[in-house]
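K.L.:
Protein chains in written order, with our numbering: chain A, 1 to 138; chain B, 1 to 138; chain C, 1 to 415; chain D, 1 to 415.
Please note: incorrect hints may appear among the correct ones.
Short derived list, chain C residues pointing at chain D, Cβ under 8 Å [said to hold, decoys possible]:
#1 V26
#2 R30
#3 K42
#4 I47
#5 R63
#6 H197
#7 A199
#8 I239
#9 Q247
#10 Q250
#11 V321
#12 V330
Between beta-carbon pairs, the in silico distance windows are [said to hold, decoys possible]:
#13 D:K414 with B:D93: 27 to 37 Å
#14 D:T190 with C:A78: 42 to 52 Å
#15 B:R16 with C:A78: 54 to 64 Å
#16 D:H115 with C:H269: 18 to 28 Å
#17 C:D267 with D:K114: 21 to 31 Å
#18 C:A191 with D:T300: 36 to 46 Å
#19 A:D131 with C:R308: 41 to 51 Å
#20 D:T300 with A:G127: 39 to 49 Å
#21 A:E25 with C:R141: 56 to 66 Å
#22 D:K14 with C:T190: 53 to 63 Å
These are calculated hints, taken from the structure and not from any lab test. C-beta: ideal position from N, C-alpha, C; glycine also.
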Amino acid sequence: MSSADIYRELILDYYRNPRNFGKLEKFDIDSHDTNPLCGDEIEMQIRVDGQNRIEEIKFTGKGCAISQASASMLTELAKGKPLEWVRQVVKEDVFKLLGNPDLGPSRVKCALLGMKVLKTGVYGYLGAHYDEPDDRSG
Amino acid sequence: MSSADIYRELILDYYRNPRNFGKLEKFDIDSHDTNPLCGDEIEMQIRVDGQNRIEEIKFTGKGCAISQASASMLTELAKGKPLEWVRQVVKEDVFKLLGNPDLGPSRVKCALLGMKVLKTGVYGYLGAHYDEPDDRSG
Amino acid sequence: MTGLLQTEAFDVEKVRADFPILKRKVHGKRLVYLDNAATTQKPQAVIDALVDYYSRYNSNVHRSVHTLGEEATAAYEASRERVAKFVGGEPREAVFVRGTTEATNLVRYAWGEKHIAKGDLLVSTRMEHHSNIVPWQLLARSRGATLKFVELTPDGHLDMGSLEELLRESPRLVAFTHCSNVLGTINDATAICAKAHAAGAVTVVDGAQSVPHFPVDLASIGADFYAFSGHKMLGPTGIGVLMGKKQLLQDMDPFEGGGEMIREVFDDHSTWNDVPYKFEAGTVNIADAIGLGAAVDYLTALGMDNVRKHEVRLLDYARDVLSGVKGLQVYGPEDSQQRSGLVAFNYADVHPHDLATILDEEGVAIRSGHHCAQLLMRCLDVPATSRASFHVYNSYDDIDALKQGIMKAGAIFKV
Amino acid sequence: MTGLLQTEAFDVEKVRADFPILKRKVHGKRLVYLDNAATTQKPQAVIDALVDYYSRYNSNVHRSVHTLGEEATAAYEASRERVAKFVGGEPREAVFVRGTTEATNLVRYAWGEKHIAKGDLLVSTRMEHHSNIVPWQLLARSRGATLKFVELTPDGHLDMGSLEELLRESPRLVAFTHCSNVLGTINDATAICAKAHAAGAVTVVDGAQSVPHFPVDLASIGADFYAFSGHKMLGPTGIGVLMGKKQLLQDMDPFEGGGEMIREVFDDHSTWNDVPYKFEAGTVNIADAIGLGAAVDYLTALGMDNVRKHEVRLLDYARDVLSGVKGLQVYGPEDSQQRSGLVAFNYADVHPHDLATILDEEGVAIRSGHHCAQLLMRCLDVPATSRASFHVYNSYDDIDALKQGIMKAGAIFKV
Ligand SMILES: Cc1ncc(COP(=O)(O)O)c(C=O)c1O
Ligand SMILES: Cc1ncc(COP(=O)(O)O)c(C=O)c1O
């Protein structure tokens, strides 16, 4: 897959016009992380409703098209879902959102930063600990 | 030169029956050093006479035949000499005492330990500082 | 290939033939390696030195009486002599370490923890690599000292007014880079050391980006400590050098304890070997120290003046070529004479990582990110930059390939 | 050559063919390399791994987006995985260091300086290499703690009574070697760790002489920290491993600051990367880490059980052959099952250095001296010993050559 395929119209659109970008006034979950390898940064805020569902979710961040687009896409997908749903999310879900690009291991970390931030925040809220899988090959 | 030539009768004799081995009751100079690379150890004590000559000199130590024999031979040579003479001693003098053996660089350090102890002690007494030459190749 | 650079200095095509990796293809394209500030490639002579060592005289050093040990020790110490001479220093003042980072940390622990007291001032600068910031942060915290930074001018130099101001506060330590790994700025190390010494400070100079790229003479610079990395100057990974003034080295505590650095061990205390051995604990990285000696020989044969000449020409060419690219912003001083052979830039709103991915597809390897210089990124007000950095085997062709790759990224991102 | 050893385990002649250095002559004689406890020789596969890295995919790791960087990172991390698995540990708990000495010093600085307080007790033993004594001496001094030593039994074991006694004083740290580099004694690391943990201590086990010579399974040993050196296990110089329990690693201060180990840097503080990266500051020794992976592959292919079997046979043979030499005293436990493949000895009044010089003339390389174990030398009441130590390429022939050399020394010294 060539980079022209990775950087499809859709990715660039999410990069330049990220959905759910911004901060919430009231939120129950606030999660932030950086990718120490490249400095990409994502913060997510979530408001939880009475049925433990993601009522509202927004993110801010800076970084490459892949990290920002994937975080944005993930917030869209998460909105309205029960918190428990977050536990089921796997990296393949993120890849699918991005159109299954052929990313090298370091770019995979960019793609998955948003998922890590989401999981860390929600797991913490649920009183659990999110231990990133030791998966260096992506 | 083979090791049979290095370990001549004379060297073994000095190793097993070191001349000037022991301690002085009264001394003006007491100098000690170890070879950090092998642990060989030499201590020398010197009594200085009115004319700044080496009136009496003894050594103790432990280590290989080469370090002990060369220290012993050096004390014999030094006895009665003016302190200033010690400044003139060079490593070739020590090699000559030993019969000019063909020593590798690490064994050279054994051979020269006695000279280093002697020089450090005498230079110190004369108010000077003995800076071992930076001669790794021996 | 058309535009291989022919300086009067040396024949780039011949140089390229010495580097086996340059024959390799990446994504079917010729490898265009422009990530030399991160690590350089290695000439066959360096690889051969390693193979020769392991195939012919591998042994532990210093404590061996046998032939292999004598040979390994002689080669290791001969390498120390060549490396020290290469930067105008004394072998006794050359400590082999893993790299620049270990060197600054060694100074922190062995000099800093002993000599820095509560309330002391430490000075670094905003253009430093983290390796010349974080050790001083940690030192400041552990000793109760303060760390302040020399500010930068808008055109990417150290602000001399800011330095003078800090020097009036009588810092104990002034740590600065001889050459910035992002801006390329070459600092006047001699002048800064003189000023810092006059103010009573000890100087730690980061030579990671200078020793590989232009002639360095410590005798004239006069730094108290000077650090550099072998892997950035055609040498193997895992080896570098801390040059330190003998008096300071002798007066320092040991860093790591055990092995080579010992004189005698007793139950309750130990005594130390002479410098520089006092700072080389355990089995040293023998093979790579010898490999670094081979790298120094290679650079010496080319001539560091020629290396510098070559890089300035590449720099001029790169700035010519890239100035035609709309939306491309280059950081650092304008004048090639004041900077080293690297170009950090940003291109429109294409994030450096995305640009690097697109370039990689064309066989072009650049670095993207914060380059371990986050304080500098904040000064530049960018999260990251792209960086193309040169060495002896780079040519005009490589820069053309860089430009073409950037143009492709522009097309994909519809810049 | 007559007596090349044929174990059921592996074909020594075939193994020898893998080590290019064994073809070399010393003083016109066949090289008989018996200094393996100092450092081992390297098989072609390890040398090839280095050449391959430098010729094909040399690049800085972790921060690169380009292909070379991805390949180098993948190989470096794959090596971490293989090395961790080789000793029954987790990759996340494996920190690449220069060697055993850096590993113990890392624990001293990053764990010790944080967790040891005035009046605390640290325990080491009298059979340790200086690398497992001096860091604790320095730690004791800097924190105002006390360092005590487990005594030895006359037959060269740790005195369990002495250990128990010290454990009753609730030490914070118990540091001991899995295998002595002089006596050859293999300590029951599992039992000692269990006792030490029950007493509330953190354990630091020196595996420098165990990992290269017999199977080690950290999952069953349970040590908090376990250190070993690559160059003693057929790997390159400049690389080794500190295995540490994840919880402890996470709870530690950083060791060196800069580069890889950083998450974010601000003016007045910084945050750290995850373990194990937090302890790998600066550019790591990429090539040699990859080379160590190749060494682990080589040993794994032979099988560590077979390596052990081979060494026990050599040990038995050596003790048979040497027991016939008048005036020769061997140190350490009698039973080959309780010791590793090395023999330290003294021969009449021939000083070990002199013996080593005479042996070298016969092509036989042994070590002579205090073996960085001066406390042990004082227990044995000798200034030095000679040591012949084995590895996979040694044969009965080598031991015969050793004996002949000793007899020659006897003749020259008129023993
Ligand atoms: C038992 C033991 N511990 C520690 C060390 C130190 O290892 P290194 O020199 O590789 O740091 C050695 C080897 O010299 C050893 O034999
Ligand atoms: C200016 C500068 N200083 C220090 C370093 C750190 O060198 P190393 O990673 O070899 O320790 C680097 C390179 O990464 C650098 O560019």
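K.L.:
Could you run down the list of hints and mark each one as holding or not?
P.N.:
Cross-check of the supplied hints:
no. : hint                           : in the structure
1   : V26                            : holds (5 Å)
2   : R30                            : violated (13 Å)
3   : K42                            : holds (5 Å)
4   : I47                            : holds (5 Å)
5   : R63                            : holds (6 Å)
6   : H197                           : violated (25 Å)
7   : A199                           : violated (22 Å)
8   : I239                           : holds (7 Å)
9   : Q247                           : violated (22 Å)
10  : Q250                           : violated (18 Å)
11  : V321                           : violated (20 Å)
12  : V330                           : violated (20 Å)
13  : D:K414 with B:D93: 27 to 37 Å  : holds (28 Å)
14  : D:T190 with C:A78: 42 to 52 Å  : holds (46 Å)
15  : B:R16 with C:A78: 54 to 64 Å   : violated (37 Å)
16  : D:H115 with C:H269: 18 to 28 Å : holds (22 Å)
17  : C:D267 with D:K114: 21 to 31 Å : holds (25 Å)
18  : C:A191 with D:T300: 36 to 46 Å : violated (56 Å)
19  : A:D131 with C:R308: 41 to 51 Å : holds (50 Å)
20  : D:T300 with A:G127: 39 to 49 Å : holds (42 Å)
21  : A:E25 with C:R141: 56 to 66 Å  : violated (37 Å)
22  : D:K14 with C:T190: 53 to 63 Å  : holds (60 Å)
In summary, the numbered hints that this structure violates are 2, 6, 7, 9, 10, 11, 12, 15, 18 and 21.
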